[in-house]
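Novice: Sequence:
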Amino acid sequence: MSTPLPPAAALRRIAFLLERAREATYRVSAYRTAAAVVDGLDDAELDRRIRTGTLKDLKGIGPKTATAIAQAHRGEVPEYLAGLEETYAGELPAAEDVAAFRAALRGDLHAHSDWSDGGSPIREMAEAALALGHEYLALTDHSPRLTVANGLSPARLEQQLDVVAALNEELGPFRILTGIECDINVDGSLDQTDELLGRLDVVVASVHSELRAPKAQMTERMLAAVADPHTDVLGHCTGRLVIGRRQRNGTQKPRPESQFDAEAVFSACVEFGTAVEINSRPERLDPPRRLLTLAVELGCEFAVDTDAHAPGQLDWQHNGCERAVECGVPVERVINTRTADDLLAWTRG
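Residue 41 is where the sequence shown starts when you use the working numbering, and the numbers rise one by one after that.
Be a bit skeptical, because a hint or two may be false.
To be verified - With a cut-off of at most 27 Å between alpha-carbon atoms, the simulated DSSO-like pairs for lysine-lysine come out as follows:
hint, residue 1, residue 2
1, LYS293, LYS255
2, LYS99, LYS293
3, LYS293, LYS104
Said to hold, decoys possible - Simulated DEER-style distance windows between Cβ atoms:
hint, residue 1, residue 2, range
4, PRO194, THR107, 19 to 25 Å
5, ARG163, GLY123, 19 to 25 Å
6, GLY102, ALA304, 44 to 50 Å
7, LYS99, PHE312, 44 to 50 Å
8, PRO370, PHE312, 18 to 24 Å
9, ASP97, PRO370, 40 to 46 Å
10, SER229, PRO161, 27 to 33 Å
Treat the hints as calculated values from the structure; they're not laboratory data. All C-beta atoms, glycine included, are put in the ideal place defined by N, C-alpha and C.
Can you make the complete structure from the sequences, with help from the hints?
Specialist: Next up, the structure:
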């Protein structure tokens, strides 16, 4: 790697290389956790902690990650990262290629606020997106069926539309796109009224229940949702978790992929003009590489999204860009490289 990266980006690059090398999940997670911690520090605080040797006092940063952070902050390529790059040279996307892909993105089409299961108000999410250089952010809180995520009833969604309209008056030319992450019901229908879905800018349709259903049943369910004229993006298509969520008993098991006919579903995405999401959350990284490559070969369009539930997570698009470059996703087929007007012409077309 010829170009040094900022500390958080360097840590994410290390995590990506470790994941690619199929290292232990806890090692991958450690570097991604440290990157999130660094994201929360301003330059002055980072300077102070490096100078005083107190980086390791922060939860999530150990001796190895602290060393990498300090080296990257000095404008150097961390020694550990340089070794990984040398080991996997020629097998992985160049950092410069990933940065160029990321620079082409104008916004993010999957993000949550404290109206559902996010941790921050809509304004804070929008201001964080603006600070990252985004031109727009789609607000896609959950639909009513997902009660565990405080999904929005039709009445609450209508209220949210008014809030977004008022914020757009203040934040322009930045734009909050109205949206939803809509549960795909077992019969393939979408979990919201047709009238409200028709008023939204972006509809991300995702499966959140009965993830272990038989392959044929899951395929029919997804095909119905993809064909729905309201669906713009098929969210985290396999539902997998490569880093399991910690349970009350302390266990943390990954979740396997849902089984479906990927060729049939991705072909339907092409037919009906539904983009396949490249979900950038570290615990999802969905679709897996083999399926992302298949979607490219079949001619799908894509959305590189963060599925952010907090402002700092909006910077996770880098993860999706790495996988997109690695799997040969043409940047011109990524719908969030378009201006807001062009994107809305596509979603409403």
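Novice: Quick one: are PRO194 and THR107 within 19 to 25 Å, going by C-beta?
Specialist: Since PRO194 and THR107 have Cβ atoms about 52 Å apart, the given range 19 to 25 Å is violated.
Novice: State, for the Cβ atoms of PRO370 and PHE312, whether the hinted interval 18 to 24 Å holds or is violated.
Specialist: Since the Cβ atoms of PRO370 and PHE312 sit about 20 Å apart, the hinted range of 18 to 24 Å holds.
Novice: Evaluate the given range 44 to 50 Å for the C-beta pair formed by GLY102 and ALA304.
Specialist: 45 Å Cβ-Cβ, so the 44 to 50 Å window holds.
Novice: So if I understand the rule, the pair passes when the alpha-carbon distance is 27 Å or less; does LYS293 with LYS104 pass?
Specialist: OK: LYS293 and LYS104 at ~25 Å, within 27 Å.
Novice: Can the suggested window of 44 to 50 Å be confirmed for the beta-carbon pair LYS99 and PHE312?
Specialist: 45 Å Cβ-Cβ, so the 44 to 50 Å window holds.
Novice: Given the hint that LYS99 pairs with LYS293, test it: the Cα-Cα distance must not exceed 27 Å.
Specialist: 22 Å, holds
Novice: Assuming the hint says 40 to 46 Å, is it satisfied by the Cβ distance from ASP97 to PRO370 or not?
Specialist: 45 Å, holds
Novice: State, for the Cβ atoms of ARG163 and GLY123, whether the hinted interval 19 to 25 Å holds or is violated.
Specialist: Violated, since ARG163 and GLY123 (Cβ atoms, about 43 Å apart) do not stay within the stated range.
Novice: Hey, LYS293 versus LYS255, does the alpha-carbon distance stay inside 27 Å?
Specialist: 22 Å, holds
Novice: Do SER229 and PRO161 keep their Cβ atoms within the hinted range of 27 to 33 Å?
Specialist: Given a distance of about 31 Å, which is inside 27 to 33 Å, the answer is holds.
Hint compliance for this structure: hints 4 and 5 are not met, and every other hint is.
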